[in-house]
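*Asks:* Chain by chain, the residues:
Protein chains: 2
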Amino acid sequence: MEVGQVLHMNGGVGETSYANNSFVQQKVITMTKPITEDAITKLYRSSYPVAIAIADLGCSSGPNTLFAVSELIKAVDSIRRKMRRKSPEYQVFLNDLPGNDFNTIFRSLSVFQNKLRNQLGADAGPCFFTGVPGSFYGRLFRKNSLHFVHSSYSLQWLSQVPEGLENNKGNIYMASSSPPDVPRAYYKQFQQDFSLFLKCRSEELVDGGRMVLTVLRRRSDDPSSKEGCYIWELLAMALNDMVLEGVIEEEKLNTFNIPQYTPSQNEIDLSDAFKDGGYNVAKCMRAVAEPLIVSHFGEAIVDQVFQRYREIIADRMSKEKTEFVNVIVSLIKV
Amino acid sequence: MEVGQVLHMNGGVGETSYANNSFVQQKVITMTKPITEDAITKLYRSSYPVAIAIADLGCSSGPNTLFAVSELIKAVDSIRRKMRRKSPEYQVFLNDLPGNDFNTIFRSLSVFQNKLRNQLGADAGPCFFTGVPGSFYGRLFRKNSLHFVHSSYSLQWLSQVPEGLENNKGNIYMASSSPPDVPRAYYKQFQQDFSLFLKCRSEELVDGGRMVLTVLRRRSDDPSSKEGCYIWELLAMALNDMVLEGVIEEEKLNTFNIPQYTPSQNEIDLSDAFKDGGYNVAKCMRAVAEPLIVSHFGEAIVDQVFQRYREIIADRMSKEKTEFVNVIVSLIKV
Chain A
1 MEVGQVLHMN GGVGETSYAN NSFVQQKVIT MTKPITEDAI TKLYRSSYPV AIAIADLGCS
61 SGPNTLFAVS ELIKAVDSIR RKMRRKSPEY QVFLNDLPGN DFNTIFRSLS VFQNKLRNQL
121 GADAGPCFFT GVPGSFYGRL FRKNSLHFVH SSYSLQWLSQ VPEGLENNKG NIYMASSSPP
181 DVPRAYYKQF QQDFSLFLKC RSEELVDGGR MVLTVLRRRS DDPSSKEGCY IWELLAMALN
241 DMVLEGVIEE EKLNTFNIPQ YTPSQNEIDL SDAFKDGGYN VAKCMRAVAE PLIVSHFGEA
301 IVDQVFQRYR EIIADRMSKE KTEFVNVIVS LIKV
Chain B
1 MEVGQVLHMN GGVGETSYAN NSFVQQKVIT MTKPITEDAI TKLYRSSYPV AIAIADLGCS
61 SGPNTLFAVS ELIKAVDSIR RKMRRKSPEY QVFLNDLPGN DFNTIFRSLS VFQNKLRNQL
121 GADAGPCFFT GVPGSFYGRL FRKNSLHFVH SSYSLQWLSQ VPEGLENNKG NIYMASSSPP
181 DVPRAYYKQF QQDFSLFLKC RSEELVDGGR MVLTVLRRRS DDPSSKEGCY IWELLAMALN
241 DMVLEGVIEE EKLNTFNIPQ YTPSQNEIDL SDAFKDGGYN VAKCMRAVAE PLIVSHFGEA
301 IVDQVFQRYR EIIADRMSKE KTEFVNVIVS LIKV
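Which chain is which? The protein sequence lines are A and B, in order. In terms of the working numbering, the first sequence opens at residue 1 and continues consecutively. In terms of the working numbering, the second sequence opens at residue 1 and continues consecutively.
In short, the hints are calculated from the structure, not lab data. A virtual CB, placed ideally from N, CA and C, is assigned to each residue, including glycine. One thing to keep in mind: the hints can contain errors.
From chain B, some residues computed to sit far from chain A (all C-beta separations above 12 Å) [what the hints assert, rightly or not]:
| # | residue |
| --- | --- |
| 1 | Tyr48 |
| 2 | Ile52 |
| 3 | Ala75 |
| 4 | Arg142 |
| 5 | Ala175 |
| 6 | Gln189 |
| 7 | Glu249 |
| 8 | Pro259 |
| 9 | Gln304 |
No more than 30 Å apart at the CA atoms, straight line, and that leaves these computed lysine-lysine pairs for DSSO-like [what the hints assert, rightly or not]:
| # | chain 1 | residue 1 | chain 2 | residue 2 |
| --- | --- | --- | --- | --- |
| 10 | B | Lys115 | B | Lys86 |
| 11 | A | Lys333 | A | Lys199 |
| 12 | B | Lys252 | A | Lys199 |
| 13 | A | Lys115 | B | Lys86 |
| 14 | A | Lys143 | B | Lys333 |
| 15 | A | Lys82 | B | Lys143 |
| 16 | B | Lys143 | B | Lys86 |
A few chain B residues that don't get close to chain A, going by computed Cβ distances all over 10 Å [said to hold, decoys possible]:
| # | residue |
| --- | --- |
| 17 | Arg80 |
| 18 | Ser87 |
| 19 | Pro126 |
| 20 | Phe129 |
| 21 | Glu311 |
Assemble the whole structure, with the sequences as input and the hints as a guide.
*Replies:* Pasting the structure below:
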């Protein structure tokens, strides 16, 4: 599977779209607002740039795409107003993989920009929006061209399915029944990817530029602990049931693994804060995982997979509490 | 009709798509290559920038989208190689209205970038591609941020249908039977739009930045001369036939006008060169005009319109020679 070509949130604005099933991601952006606002305010006050280039990495296509950057722009506008300074111009780069539905974002921009202009007032500088298709595990921008990088709930996606998962039969992720080389392979891939991410961004950020990253994380340091992989294990249950019933070939399931890694607090170097939040996950997971499932198993079985998954989740959630835990990293380039 | 929302070339890669029916535009880019190459070479040699920001305005979605900018990048790479200089980084901004099919461009980028990298060689700087949705009759980029602007076959599209065309009944453009206030209204709109275009670009270009514009033009100074409006008059014939047969309401046709103006040589200030080219136009015109027709008359009649149009064009082309004439403007910001 070529992750860069296949991975994207469900496009459009329909019932199973990411746009209509991304409430948890929005909640996370709201929760992390004090940290992102603090970072961009400090950035602005450190040099009063006449133009601020902001990149949102893994912007997806939905209400959150513009929500995060609009909060950042409002924060700058509020502080420059208090300080009676002329507004900077804003250059916003919205990045995601090429499979992302940029058309839907671009067609909603005009209404969004009018609304933002009304909120900011007539003396605010213009906001220029551009779409940047490509993997953030590689260079996306010119050297020393970005002031601020924001990324929320994207860095848990790996650049590829880790190599060496041949023994992960019946599982689709690190599971309690996975052999020990499986979490090791996942962790190795995460380390490689995260290092490359930091290297690329350090080239692209101006000196004094800042970056706030929010990553879904595990509580436990043990990567094979059940808690970190729970939602994927439930999806694996649905798929295994379909293997037993002959709807899906066993070999097909054995070669399917999710290119995601939720690191622990200790596996990310710098951490400023973390927060908790509970959320109903069934539809949200479909908006995220459907393109992966369709690419590997085909279109025909996808409704059935998610109907079974919904039933399994509903059963579990009536008995247990589901929580996501995040790690938020706020960095400055020196 | 909101031109900024409705106007776009036919998306996708199907039979009626712009991608498969834009041969004439590609030919024009090839013909103007000596002028664009000369301009970007002079730009590069004037300051040897470490990063070159190139914008293609009205990039559309098809083979031409990346063809024009790849020729520009190759020209810079060739000259820096001869001069044994380190390659600059390239930042490419692909602009079109929000209705343009950016998804198709973005999904073709990875293959294109690999091909370009092979053509340029390993020591060429990285090329970063971004999509910029919005009207070029307004600011699209930060102040002093562009080195080179290219636009081919886009500036004949107006920002709106001119006001004051109530008397243009039965026509859909400036026609030989249009009253004299119709070409005046079109020309006024073109003047306004073109001035605004130049004003915006002059803010966005760096000092010494350059711009090459190719515009479809009229031969005659008389805007109501038949020659300039020929292809639209043939489309009006197809629509009028359908009014006579009761398929389209007369009032609907009377309120439909094409937001396009092909200026004469004298109506554009600076002109370096012009060239001719003959081309079969039927499918090409559908790829361009279909979204306008569908937006005004509805989806149901569109096949019939273009079938009739094709028959009318076939008849005319068996008797006459169709030619497009262009004006090419090469400008420098001083």
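*Asks:* Okay, which hints does this one fail, numbers in order?
*Replies:* 2, 4, 12, 13, 19 and 20
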